[in-house]
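Using the hints, position chains B, C and D with the ligands against chain A.
Protein chains in written order, with the working numbering: chain A, 1 to 92; chain B, 1001 to 1092; chain C, 2001 to 2276; chain D, 3001 to 3276.
These are calculated hints, taken from the structure and not from any lab test.
All C-beta atoms, glycine included, are put in the ideal place defined by N, C-alpha and C.
Among the hints, a few may not be true.
Stated by the list, open to error - If you anchor each label on the Cβ, the simulated ranges turn out as follows:
#, chain 1, residue 1, chain 2, residue 2, range
1, D, T3022, B, T1050, 49 to 57 Å
2, B, T1002, A, S23, 39 to 47 Å
3, D, L3045, C, K2213, 54 to 62 Å
4, C, E2223, B, F1081, 25 to 33 Å
5, C, A2207, B, T1002, 26 to 34 Å
6, D, E3029, C, P2095, 56 to 64 Å
7, C, D2021, D, S3229, 34 to 42 Å
Spelled out, the chains give:
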Amino acid sequence: MTDYWLNKLIFELQGPDGKDQWSNDRANVIARYPLLPEVKEALLQDDIGTLLPLMNPYLMRFFLLLLGHDDQQSIALLEKFQTDNDRERLNG
Amino acid sequence: MTDYWLNKLIFELQGPDGKDQWSNDRANVIARYPLLPEVKEALLQDDIGTLLPLMNPYLMRFFLLLLGHDDQQSIALLEKFQTDNDRERLNG
Amino acid sequence: MAKVVGCFAASHAPNIARAWDTLNEGTREWLNSRYKILGDRVKALEPDVLVVHSNDHWINFFLDNIPAFLIGIGAEHDPPPEPFMKGLFTQDILPGHADLGRHILDYAMEADFDPSYSHRVKIDHGIGIPLWRMGYNEVPPIVPVFINLVEKPFPTPKRCLAWGHMIRNAIEAFPKDLRVVVFGTGGLSHSIGETTMGWIDEDFDLACIELFKTATDEQLANELGQRLSQTGNGSAELRSWSIAHAVAGSQGFDLIGYAPQPETLIGCGLAEWKIG
Amino acid sequence: MAKVVGCFAASHAPNIARAWDTLNEGTREWLNSRYKILGDRVKALEPDVLVVHSNDHWINFFLDNIPAFLIGIGAEHDPPPEPFMKGLFTQDILPGHADLGRHILDYAMEADFDPSYSHRVKIDHGIGIPLWRMGYNEVPPIVPVFINLVEKPFPTPKRCLAWGHMIRNAIEAFPKDLRVVVFGTGGLSHSIGETTMGWIDEDFDLACIELFKTATDEQLANELGQRLSQTGNGSAELRSWSIAHAVAGSQGFDLIGYAPQPETLIGCGLAEWKIG
Ligand SMILES: [Fe+3]
Ligand SMILES: [Fe+3]
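Just chain A, same shape as in the assembly (with noise of 0.2 Å):
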């Protein structure tokens, strides 16, 4: 389910002070948004797992980057969530 505020957050990370506002001042940044108490630990916890389904992925992509994940660090952390069904998909 896509949650509104949480790619809202994200969303507006995108600005050229995004990394630094989000290294510097996380819980003031999520304090500017209303997000469910669950969210919330999961960004003071970089709770990826619990942060995906309710994220656009490319959203996601960006906030892998911002977090300093490169690309193989992204691939190697998306892909322990991965379902039955996206293996499938993968060897199909």
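Chains B, C and D with the ligands in isolation, oriented as in the chain A frame:
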């Protein structure tokens, strides 16, 4: 011809402090937008005739309220700029 | 399956809220009584959801992204931000009907329409005024649908009629039992922020009312197509009426009230269509 | 009258700019040579204007207003705001072609399409990368057309083909002599920000290339409709290719190059359609 930046300026004055900004800080508001010199001048002079063809009419309606014109004053003010075409439509 | 149990039109001028306390007693009385009839009829139908067609008035959209048609598919929307609308509704967040909204969106895209969509819209006075005047201090679940009628080009009347028929089909294809009331808000003639501001084109209004009673889709599209270019800009909102007309099946309607109303700057009208 | 003198496709991965300096020599060489062929062919056609179909990548639009199709009708657009695109173009403002843009918009709305429109868009990497790699340090006049391919629901492949045919008719109905080159950018297969990120579906890509060479519109719509649901999310951008395909008249194409390219995360392809 629709003037993007002129309309954007008026659009953004719709916020709660728009009237205050326009009354007390007009030059600075204007400076935020890359307006043509003649548009800037028209805004500084309340030159509705120059602005009229460049602005969306609903934003013009809002702008006249912002300037303090009530409905009858707005109507009277706009009527001055009626063309023969407009009058024909009225009488047709 | 979902069912269209009612189709209504209602005008929505800002002055109905902004100037409410200073309107002439007779005007206020007329508005009170007519919107009450409308509200009573809608409530008697016990709708689960309202699908409300209106135009945005520079509240949600700007020139960087103007949708021809936009469907609100969110579970939550924001109350009207206009200062004159503050406090008319008790909720901080207005309920959308996400399931029906998304269903209509998917249906529309499969049916060769190209709507924009929004997960969260601001319900401006266009939708807010009729709801408030009908006596809804608490807004019921709605699917807001916006049509661009403020900065040209606008969808053609013909396309609006096609949109209305598609909306009817979409609702009837929704797999859950839902009683749906459809609205077209706005109109009738008015002229705003242009040199003929204040003009109410009563001839146009009466001609349109006659069309909604008797015209075929083709007649309605042709007549509106011609007449709209010769009257005030706000009259473009009759397109929302034509959508409700098509949703109802283009079988004529019952005028609840019409008054040329200089105080609100509009030809004010309310109507209920026959569901055919 | 205006004329479609060329129809092209080109991929547009961010890494082509972001990682340019660190790509393997062979990859850079491949990209250099293939985009140069593309650029040489486009320039030889001496276009007055480029009509470029792409999807927005969360640069112009958010979930509060996602257009299915959007036409940029402004005389001015903004350069790419993505950090990795900074400095690739010399202009502070990129030229639109307002007359052709508005004409296409009006034509589309009369032809039963419902595009959104914008007076000013940000030209993101989707349009920017192919222009840059073709050797345009100065962007020529463009009409940008955005298709929603990032957050579902997307326009169907069938609708995209219909859009392409409409675009051809619209351009040919423009009353001034203009040489128009049409682009579809994006694709081929890729998977971004989902659990299969990095996957390049070569089978899918080769099947699509074959379709663009030989398939009828109906075959193409059906095959894409089925295959897109079984591959990576970025493959949705093949819809832009299908638009260029239809603009060209669905008469097959000449593949300039294809390479599954893990470094850029995409199946990278470039092509020129036969104009039929
Ligand atoms: Fe209105
Ligand atoms: Fe892309």
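Taking the hints in turn, this is what the structure says about them:
1. D:T3022 with B:T1050: 49 to 57 Å: 54 Å, holds
2. B:T1002 with A:S23: 39 to 47 Å: Holds - the Cβ-Cβ distance for T1002 of chain B and S23 of chain A, about 41 Å, lies within 39 to 47 Å.
3. D:L3045 with C:K2213: 54 to 62 Å: Given range 54 to 62 Å: holds, Cβ gap about 56 Å.
4. C:E2223 with B:F1081: 25 to 33 Å: For E2223 of chain C and F1081 of chain B the Cβ distance comes to about 30 Å; the hint holds.
5. C:A2207 with B:T1002: 26 to 34 Å: Holds - the Cβ-Cβ distance for A2207 of chain C and T1002 of chain B, about 30 Å, lies within 26 to 34 Å.
6. D:E3029 with C:P2095: 56 to 64 Å: 58 Å, holds
7. C:D2021 with D:S3229: 34 to 42 Å: 57 Å, violated
Hint 7 from the list above is the single one not met by this structure.
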